[in-house]
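K.L.:
Protein chains in written order, with my numbering: chain A, 4 to 292; chain B, 179 to 504.
It is worth saying that the hints were derived from the structure and are not from the lab.
Among the hints, a few may not be true.
[Claimed, not checked] To give an idea of the interface, some chain A residues facing chain B are shown, with a C-beta separation under 10 angstroms as derived from the structure:
no. : residue
1   : Arg20
2   : Lys40
3   : Gly111
4   : Ser127
5   : Arg130
6   : Leu131
7   : Val133
8   : His165
9   : His265
10  : Ser292
[Unchecked claim] The list that follows gives simulated cross-link-like pairs (lysine-lysine, DSS-like), each with its CA atoms no further than 25 angstroms apart:
no. : chain 1 : residue 1 : chain 2 : residue 2
11  : B       : Lys309    : B       : Lys337
12  : B       : Lys327    : B       : Lys337
13  : B       : Lys309    : B       : Lys327
14  : B       : Lys458    : A       : Lys40
15  : B       : Lys327    : A       : Lys40
A virtual CB, placed ideally from N, CA and C, is assigned to each residue, including glycine.
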Amino acid sequence: MSVDIAAPVTIPTPAVRYRGVLARQLRAEFLIVFRRKRNIAMLVVLALVPILIGTAVYISAPRPGEGPPLVSQIAGNGLFLAFAALTICLPVFLPLAVSVVAGDAVAGEASTGTLRYLLTVPVSRTRLFVIKSAGVLAYVAAAILLIVAVGAILGAVLFGIHGVTLLSGDTVSIGNGSARTAGVALYVFVNLLGLAAIAMFFSTLTEVPIGAMAATVVCAIVFAVLESVPQLGGFRGLLLTHNWLVFAELLRTHVDLRALVHGTYIPLAYTAIFGTAAWSRLATADVTS
Amino acid sequence: MTATTSAPVSTRPPESGLPLAIRTNGLTRRFGDHVAVNSVSLEVPQGAVYGFLGPNGSGKTTTIRLLLGLMGAHGGTVELLGGAMPKMAAAVLPRIGTLVEGPAFYPYLSGQANLVRLDSFDATTDPRTSKARVADALHRVGLSAAARKNYRRYSLGMKQRLGLAAALLRPRDLLVLDEPTNGLDPQGTREVRNLVRELASEGATVLVSSHLLAEIEQVATHIGIMSAGRLLRQGTLSEVLSEATALLRVETTETALAIDVLERLGLSVDHLAPDAISAKIGDLAPEAVNAALVQAGVPVRGLTVQRPALEDLFVHLTGEGFDVVR
Numbered sequence: 004m005s006v007d008i009a010a011p012v013t014i015p016t017p018a019v020r021y022r023g024v025l026a027r028q029l030r031a032e033f034l035i036v037f038r039r040k041r042n043i044a045m046l047v048v049l050a051l052v053p054i055l056i057g058t059a060v061y062i063s064a065p066r067p068g069e070g071p072p073l074v075s076q077i078a079g080n081g082l083f084l085a086f087a088a089l090t091i092c093l094p095v096f097l098p099l100a101v102s103v104v105a106g107d108a109v110a111g112e113a114s115t116g117t118l119r120y121l122l123t124v125p126v127s128r129t130r131l132f133v134i135k136s137a138g139v140l141a142y143v144a145a146a147i148l149l150i151v152a153v154g155a156i157l158g159a160v161l162f163g164i165h166g167v168t169l170l171s172g173d174t175v176s177i178g179n180g181s182a183r184t185a186g187v188a189l190y191v192f193v194n195l196l197g198l199a200a201i202a203m204f205f206s207t208l209t210e211v212p213i214g215a216m217a218a219t220v221v222c223a224i225v226f227a228v229l230e231s232v233p234q235l236g237g238f239r240g241l242l243l244t245h246n247w248l249v250f251a252e253l254l255r256t257h258v259d260l261r262a263l264v265h266g267t268y269i270p271l272a273y274t275a276i277f278g279t280a281a282w283s284r285l286a287t288a289d290v291t292s
Numbered sequence: 179m180t181a182t183t184s185a186p187v188s189t190r191p192p193e194s195g196l197p198l199a200i201r202t203n204g205l206t207r208r209f210g211d212h213v214a215v216n217s218v219s220l221e222v223p224q225g226a227v228y229g230f231l232g233p234n235g236s237g238k239t240t241t242i243r244l245l246l247g248l249m250g251a252h253g254g255t256v257e258l259l260g261g262a263m264p265k266m267a268a269a270v271l272p273r274i275g276t277l278v279e280g281p282a283f284y285p286y287l288s289g290q291a292n293l294v295r296l297d298s299f300d301a302t303t304d305p306r307t308s309k310a311r312v313a314d315a316l317h318r319v320g321l322s323a324a325a326r327k328n329y330r331r332y333s334l335g336m337k338q339r340l341g342l343a344a345a346l347l348r349p350r351d352l353l354v355l356d357e358p359t360n361g362l363d364p365q366g367t368r369e370v371r372n373l374v375r376e377l378a379s380e381g382a383t384v385l386v387s388s389h390l391l392a393e394i395e396q397v398a399t400h401i402g403i404m405s406a407g408r409l410l411r412q413g414t415l416s417e418v419l420s421e422a423t424a425l426l427r428v429e430t431t432e433t434a435l436a437i438d439v440l441e442r443l444g445l446s447v448d449h450l451a452p453d454a455i456s457a458k459i460g461d462l463a464p465e466a467v468n469a470a471l472v473q474a475g476v477p478v479r480g481l482t483v484q485r486p487a488l489e490d491l492f493v494h495l496t497g498e499g500f501d502v503v504r
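All chains, full assembly: derive it from the sequences and hints.
P.N.:
What follows is the structure, encoded as structure tokens:
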């Protein structure tokens with residue numbers, strides 16, 4: 004091969020970067036998260052929860068005052084269907100969905116081998132972490148909003164929405180009730196973040212997505228088991244799941260905001276710790292898949 | 179046009195004066211005690227089709243992963259298209275098309291959707307031309323008809339083609355193709371060969387790794403041979419091949435006389451058949467040998483010089499059999 008020495012040496016041309024790159028990347032990521040059949044199926048299952056509860060309550064129609072407080076409230080007011088559905092989904096269904104999607108985030112890309120092609124596009128590892136996290140957050144938010152929306156709409160249809168009677172017996176306006184509903188959704192979202200971060204971290208440790216998912220579910224179970232050991236005393240306050248059900252505060256006349264804010268410390272701390280660990284692992288790991 | 183430019187990139191010419199598309203210096207990577215890549219100094223000139231050879235497990239793919247920044251090196255440096263890796267990855271990698279250890283796509287997306295996704299992650303491509311470039315790349319590898327089919331339903335060959343299409347989503351200055359003909363039928367193999375030639379003729383540098391030597395011999399201008407983590411030989415195809423000594427074969431009825439002549443020329447002669455002898459020709463010109471034989475009155479029926487095939491050299495360098503060199 005003849006090489007012309009005078010020929011211009013390879014000069015990396017200044018790479019033109021187009022505007023709206025992040026938006027484009029996020030859209031591509033959301034498409035893959037929300038188009039995937041498995042993820043859609045989980046959303047359908049979550050949406051079925053308020054539908055099943057609503058139907059069951061509608062058919063059996065307990066009079067207000069009978070049955071478990073939250074459930075009997077549903078018959079009195081549609082908005083409570085959303086609360087009830089969230090309460091039922093929070094211990095198992097939502098954590099499971101979060102584990103699957105977040106556990107798959109990096110390990111899924113590694114197992115299909117697409118991780119190496121994303122990195123050679125190139126997408127910087129930090130950017131990829133941001134995009135993957137955004138996909139997971141969007142899914143968690145969508146799951147919660149779906150439960151709340153289906154619950155509220157179905158509740159309104161079956162039981163009507165009028166002045167909202169709280170657990171404490173007072174009645175507040177629909178606007179106030181809606182604001183409280185939004186507050187519950189936000190609280191649940193923040194609490195699930197911690198679990199999502201744990202799953203993301205596991206996801207960066209393995210090329211087997213099911214492994215990351217299972218590890219996260221095991222974590223959630225361990226939290227629940229430790230929670231039920233009273234001898235642990237104050238230590239239980241450090242468990243991720245310890246304050247999950249504090250959102251019931253929002254259903255009282257006088258909302259204990261301190262308890263609510265306090266309830267977000269632990270999940271936010273878990274998010275920070277495991278999120279950082281996940282990022283640093285993804286940023287430095289050898290990609291051998 | 180709403181584009182901004184990124185940080186300027188070093189324009190320093192390589193020290194040798196020759197423009198190199200890939201240059202590594204003492205590149206090393208260990209896995210525990212095992213040195214997978216041992217002080218490898220690749221030099222791939224711009225415009226070359228560089229055949230990167232080596233038996234399975236010789237460190238080719240690890241080297242490629244180190245080149246692209248997928249793995250961290252334990253020693254040595256990498257420079258791609260004049261930019262140091264992994265520091266300049268953002269500036270350099272968009273100009274490089276890759277196929278590393280087989281294609282990898284989302285099985286639940288169509289070939290087209292997979293390419294669109296990949297393209298939308300590239301900060302340096304124009305989103306408005308994305309559709310056209312994807313269609314173009316699919317057309318180039320003959321996948322237009324299967325564009326909307328799920329990747330899951332692709333045959334091995336189609337998957338490989340989609341991998342190549344991803345490498346061709348935009349004009350590239352360098353293509354790093356790891357085993358690009360894996361899983362392809364003879365027609366597909368031929369098409370890939372033509373594609374590599376075509377890309378090279380458009381001015382791209384191509385690094386193509388393979389253990390299919392005949393494949394490489396047909397397209398490569400340069401080759402490098404890896405074994406047990408070391409780069410044993412590197413250079414233009416003819417340089418590397420010339421190193422393996424050519425074999426002179428003389429057919430004559432007067433073998434004794436011929437042996438005499440050849441030995442006087444300093445060659446050590448093997449008796450092949452009653453009427454044929456052979457010798458390693460070394461630096462001697464075949465025509466000079468012929469003249470000497472004829473002058474001495476040897477009735478030469480036939481005189482051939484066999485250049486060894488790449489395969490012979492390869493086996494000679496990397497060992498025979500199924501034993502994986504460690």
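K.L.:
Indicate, hint by hint, whether the structure satisfies it.
P.N.:
For each hint, the structure was consulted:
no.: 1; hint: Arg20; result: 5 angstroms, holds
no.: 2; hint: Lys40; result: 7 angstroms, holds
no.: 3; hint: Gly111; result: 9 angstroms, holds
no.: 4; hint: Ser127; result: 7 angstroms, holds
no.: 5; hint: Arg130; result: 9 angstroms, holds
no.: 6; hint: Leu131; result: 9 angstroms, holds
no.: 7; hint: Val133; result: 12 angstroms, violated
no.: 8; hint: His165; result: 45 angstroms, violated
no.: 9; hint: His265; result: 40 angstroms, violated
no.: 10; hint: Ser292; result: 8 angstroms, holds
no.: 11; hint: B:Lys309 / B:Lys337; result: 20 angstroms, holds
no.: 12; hint: B:Lys327 / B:Lys337; result: 11 angstroms, holds
no.: 13; hint: B:Lys309 / B:Lys327; result: 16 angstroms, holds
no.: 14; hint: B:Lys458 / A:Lys40; result: 66 angstroms, violated
no.: 15; hint: B:Lys327 / A:Lys40; result: 16 angstroms, holds
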